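Enquirer: What follows is each chain in one-letter form.
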Amino acid sequence: MHDGPGVRTTVFLKGCPLRCLWCHNPEMQSAGKELLYSSKKCIGCQACVTCKNGVHTFKGLEHDIDRAKCIRCGECEKNCPTGATQICGREMTIAGIIKEIKKDEAFYGGQGGVTLSGGEPFLQKNAVKLLKACKEQGINTAVETCGYYDVTEAVPYVDLFLWDLKDTNEKRHKKYTGVSNKRILENLYKADEAGAKIRLRCILVNGVNTNKEHYKKVSDTVKSLKNCSGVDVLPYHAYGGAKAELLGLSDNGDKTLIPTEEQIKQFKEYINKSR
Amino acid sequence: MEFSCVNGIKRPVRLSEATRKFAYESLGHKYGLMTKETMSVSLDEIEGFESFTPIKKYDAAIMKIASEAPVRICDGELISGAATLGTAISHQIPATYNGKPVFMSLSHLTADFETVVFKGVNYIRANACSSYEKYKGTDKEEFAKSCLNCLDAFDIWHKRYLEALKEKGCTDNYNNLCNVPYKPAASFYEAVQSIWFVFAFMRLCGNWPGIGRIDKFLAPFYKSDVEKGVLTEERAREILAHFFIKGCEWICGGNYGSGDAQHYQNLVISGINEDGEDITNPVTYLILDIIEELGISDFPTTVRLNKNSPDKLLYRVAEVMRLGGGVLAVYDEENVIKAMTEYGYDLCEARRFANDGCWEVQVPGKTNFCYIPTDFLQILQKNTLKSYDNSVAFDSFDALYNAYLDDVKAFCEGLLSSVLQNNMLKCEDGVWAWRKNIPCTVISLFEQDCVGRGLSYLEGGAVYNVISPHVGGLADTVNSLYAIKKLVFDDKKIGFADLMRVLSENWENDEALRQYALNKYEYYGNDNDEADMICRRFLSDFADICDSLNGRSGYIFPGGVSTFGRQLEWSPHRLACASGRKQGEILAANASPTPGTDRQGATALIRSYCKNELHKLPVGAALDIRLLPSCTKGDEGLDALVSLLRGFVNLGGFFMQPDVADAEILKAAQENPKDYQNLSVRVSGWNARFVTLNKEWQDMVIQQNECGCGY
Chain A
197 MHDGPGVRTT VFLKGCPLRC LWCHNPEMQS AGKELLYSSK KCIGCQACVT CKNGVHTFKG
257 LEHDIDRAKC IRCGECEKNC PTGATQICGR EMTIAGIIKE IKKDEAFYGG QGGVTLSGGE
317 PFLQKNAVKL LKACKEQGIN TAVETCGYYD VTEAVPYVDL FLWDLKDTNE KRHKKYTGVS
377 NKRILENLYK ADEAGAKIRL RCILVNGVNT NKEHYKKVSD TVKSLKNCSG VDVLPYHAYG
437 GAKAELLGLS DNGDKTLIPT EEQIKQFKEY INKSR
Chain B
53 MEFSCVNGIK RPVRLSEATR KFAYESLGHK YGLMTKETMS VSLDEIEGFE SFTPIKKYDA
113 AIMKIASEAP VRICDGELIS GAATLGTAIS HQIPATYNGK PVFMSLSHLT ADFETVVFKG
173 VNYIRANACS SYEKYKGTDK EEFAKSCLNC LDAFDIWHKR YLEALKEKGC TDNYNNLCNV
233 PYKPAASFYE AVQSIWFVFA FMRLCGNWPG IGRIDKFLAP FYKSDVEKGV LTEERAREIL
293 AHFFIKGCEW ICGGNYGSGD AQHYQNLVIS GINEDGEDIT NPVTYLILDI IEELGISDFP
353 TTVRLNKNSP DKLLYRVAEV MRLGGGVLAV YDEENVIKAM TEYGYDLCEA RRFANDGCWE
413 VQVPGKTNFC YIPTDFLQIL QKNTLKSYDN SVAFDSFDAL YNAYLDDVKA FCEGLLSSVL
473 QNNMLKCEDG VWAWRKNIPC TVISLFEQDC VGRGLSYLEG GAVYNVISPH VGGLADTVNS
533 LYAIKKLVFD DKKIGFADLM RVLSENWEND EALRQYALNK YEYYGNDNDE ADMICRRFLS
593 DFADICDSLN GRSGYIFPGG VSTFGRQLEW SPHRLACASG RKQGEILAAN ASPTPGTDRQ
653 GATALIRSYC KNELHKLPVG AALDIRLLPS CTKGDEGLDA LVSLLRGFVN LGGFFMQPDV
713 ADAEILKAAQ ENPKDYQNLS VRVSGWNARF VTLNKEWQDM VIQQNECGCG Y
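The listed protein sequences correspond, in order, to chains A and B.
Just so you know, we're using the working numbering here: the first sequence kicks off at 197 and counts up by one.
Just so you know, we're using the working numbering here: the second sequence kicks off at 53 and counts up by one.
No lab work stands behind these hints, which were simulated from the structure alone.
In this text, all values refer to a predicted model and were calculated from it rather than measured experimentally.
Don't take every hint at face value.
To be verified - Once the Cα atoms are required to be at most 25 Å apart in a straight line, the calculated DSS-like pairs of lysine-lysine come out as:
#	chain 1	residue 1	chain 2	residue 2
1	B	K88	A	K248
2	A	K237	B	K634
3	B	K685	A	K237
4	A	K274	B	K544
5	A	K464	B	K109
6	A	K408	A	K451
7	A	K248	B	K171
8	A	K248	B	K685
9	B	K719	A	K274
10	A	K451	A	K393
11	B	K109	B	K235
12	B	K152	B	K88
13	A	K461	B	K88
14	B	K572	A	K236
15	A	K274	B	K152
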């Protein structure tokens, strides 16, 4: 109930061209399937040892995983009783996705519908096709995007863009997300020109973009757009870190990146001035 | 002076300072503690009492109560009348003999306040007089006389209030109580006082009646007074607020097991009338205003929704609901009416429906109702599966299901049989006649058609006499059946006999399989057709069984689904479940999923629930949903909550009781009760101040299905 107005069904599309330091969906960065493993849930029953590629081995209760050997076939997930090993991601047809979305039709009313999220939804070449199909079925559409791809083609099929503006300083943006913000801003203005309805999503990360220059530039950006309804401030949280562990990486949640109440308040003041 | 709210949202201020103060003090136990100062009246001095017939004893008790109960007039109260004897708070008539109360009182009924307001008590007395003339010299004479005696007692009580008001110089209240409740009300103010005064008298005598469709009764008076220019919206709100506040006269704090706000003072608002027209009116919104401002949870209020309910109503309901406290619940009235008419109720009667003060649907003012909750999981475990004895064998799921259904049928037959034995006798000519039961004339006076028939409410006087068997542990039963189907017959993970052995050992020896059963299947409440269809099939078959047992006596036997917290007392007797739960775990409430098994969010839950043919269960099936405050925040949260309500109606629900509460806040209230005195939660068909629940109940409420929507 947070990804746009009303009751919404959120569809997560895998794959993202960015690698943000603060990413809270690390399992969505790769476009392919991922093996997720939680040692906390493992009860050592060894049902996963049927793996034909030798990914899962045991020394007593100690469960060792050789990810390099994993072909993401899903056999271990089928057999694991606790859900300790899971495959993240599956292929679906557009028709299959629409069927899922329509299950909650009784609840959408005038405002609710589907939100595409991820990852970066527009990395998938059929994202626009999916949005078009939704509109044909009368479903309200919203997309959460980082803006890396040109979305002009999608504009007729999107009721609301939730557009990330992570940092307005180009060098810093490249340092912390892996890409420059130049093309993101270009795409933003292009979409705006094409008549897109936009809401900006601004993550606030302590010590990275918690400064007045950034706040002012965000406020200026809102003013300069024709169709922007405002800004959602998203304070950094460290919960994504635990998900990184499921991928075999270390928990990279960093509490020092959490912004203070004062910083959040300041940012909101700048934004309110732009209304 | 703050009226607490679980979400930290500030409640609006519309009422006068004086009224708010009155509310604050009442919620703060002022009048409850006063009520406990005089527990009851004594019948010891009455000569020959021991040799009286029960009805004569009853009449003497009511007369004593009316004559001697303290008269209480609260400073600044706008309406008068008070149930001032403490024993009534524990569901007994507050009249003792040799130190012990003589009679139990009644609840789970909604009295006929419509007749009180529109025709007046004089109308009832006229009927009582002609009945007495008619039944003099027959075996109905004693009851007919009792009606007159109790009305005499009521007159005495009314006069005592008039005198006291005069003495205190409360001229407005005095004038307002002169004509009502005897004559039909002639103004909004009189109408509210009329309802309250009769309600208070019934409570004074120990009963716990519900009120029903109060906004429907008050609508014409509000309209007329406003048009005449003698009533403003503000004044009407103040008067109604006093009704609510007076209803807090039994709040005493303390620890009550299942909580303190449970005197079943239920209101039912909005919805259509006998002619199919929507009665939603300014009074409906005033009631919502009052609940929003004061957070008084003692009048659980259910809103009758339909597909055409105006947006304005839905948004107001959602705004008030998200303040938490579990005060508001909703009916899908179209489905309720469908259920009642398919069962055989006349359409106009069905459209009048309210509830019994709790949530079970009934026609108000003319229904004698009781329900019998049973742990249906135990029927499966102990009867069909013989406590996992190794002699049990089924070679297909259908064989198991049919055997269970046979056991359910046998159980229901036995149930009806024993209830009939207790309440009726079969005469020589094969006709069922009513046994003598405890006297309850005060109720009989306000329930049709007791006075006319010359029969007590419990002895055939009511137009409808309902015994409703309720399925308790529905989700647990369905999930057990589903798990057995999957593990043994579909996925063939284990043989039937081996599964019985594993369960008889309380899962001690096969943790991997237990985890599998817990995690790999999507149980009832997740919009998984496979599991949900078992539930649908079972409820339909259960409804058919109830139907087949109808018509055998003066009772009708419609089915329902509920637990009402009884899963607490049932849990020690429950064995391990095939769905992965161990012995003694407290499981599902009402028609809600087994806690922990619903993982797909609120919309999936509602979808699962609505797949059932709820219109085959005229008494109803309650769905509890708990939402996190964060889900209902802001305009988006409001839209979402309204969408849930509309979805519930669009999909064909019956009764839904959402609450907005955070388990973290509830846990904090457990630790520091004095900081959360007025925090109210939905329990299971009623709400209660959380800190008045004992720890077991609190833990169960915390455990109940919490839907965190969106992470």
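Enquirer: Please work out if K248 of chain A and K171 of chain B have their alpha carbons no farther apart than 25 Å.
Expert: violated (83 Å)
Enquirer: Is the hinted pair K274 of chain A and K544 of chain B satisfied, with a Cα-Cα distance of at most 25 Å?
Expert: Status holds; Cα separation ~14 Å.
Enquirer: Given the hinted pair K451 of chain A and K393 of chain A, is their alpha-carbon gap at most 25 Å?
Expert: violated (34 Å)
Enquirer: Is K109 of chain B close enough to K235 of chain B, meaning Cα to Cα at most 25 Å?
Expert: Given that 25 Å is the threshold and the Cα spacing comes to 30 Å, the pair is violated.
Enquirer: Mind checking the alpha carbons of K461 of chain A and K88 of chain B for me, to see if they're no more than 25 Å apart?
Expert: With Cα atoms ~51 Å apart, K461 of chain A and K88 of chain B exceed 25 Å; violated.
Enquirer: Next pair to validate is K274 of chain A with K152 of chain B; report whether the Cα-Cα distance is within 25 Å.
Expert: violated (65 Å)
Enquirer: Next pair to validate is K408 of chain A with K451 of chain A; report whether the Cα-Cα distance is within 25 Å.
Expert: At roughly 22 Å apart (the allowed maximum being 25 Å), K451 of chain A and K408 of chain A satisfy the hint.
Enquirer: Against the 25 Å threshold, does the CA-CA distance of K152 of chain B and K88 of chain B hold or violate the hint?
Expert: holds (16 Å)
Enquirer: Starting from K237 of chain A, check that the Cα of K634 of chain B is at most 25 Å away, please.
Expert: Holds. K237 of chain A to K634 of chain B sits at ~19 Å (cutoff 25 Å).
Enquirer: Keeping to a limit of 25 Å between CA atoms, is the pair of K464 of chain A and K109 of chain B held or broken?
Expert: violated (73 Å)
Enquirer: Hint check: K719 of chain B vs K274 of chain A, CA-CA at most 25 Å. Holds or violated?
Expert: At roughly 37 Å apart (the allowed maximum being 25 Å), K274 of chain A and K719 of chain B break the hint.
Enquirer: Within 25 Å, alpha carbon to alpha carbon, are K88 of chain B and K248 of chain A?
Expert: violated (75 Å)
The structure fails to meet hints 1, 3, 5, 7, 8, 9, 10, 11, 13, 15 from the earlier list, while all remaining hints are met.
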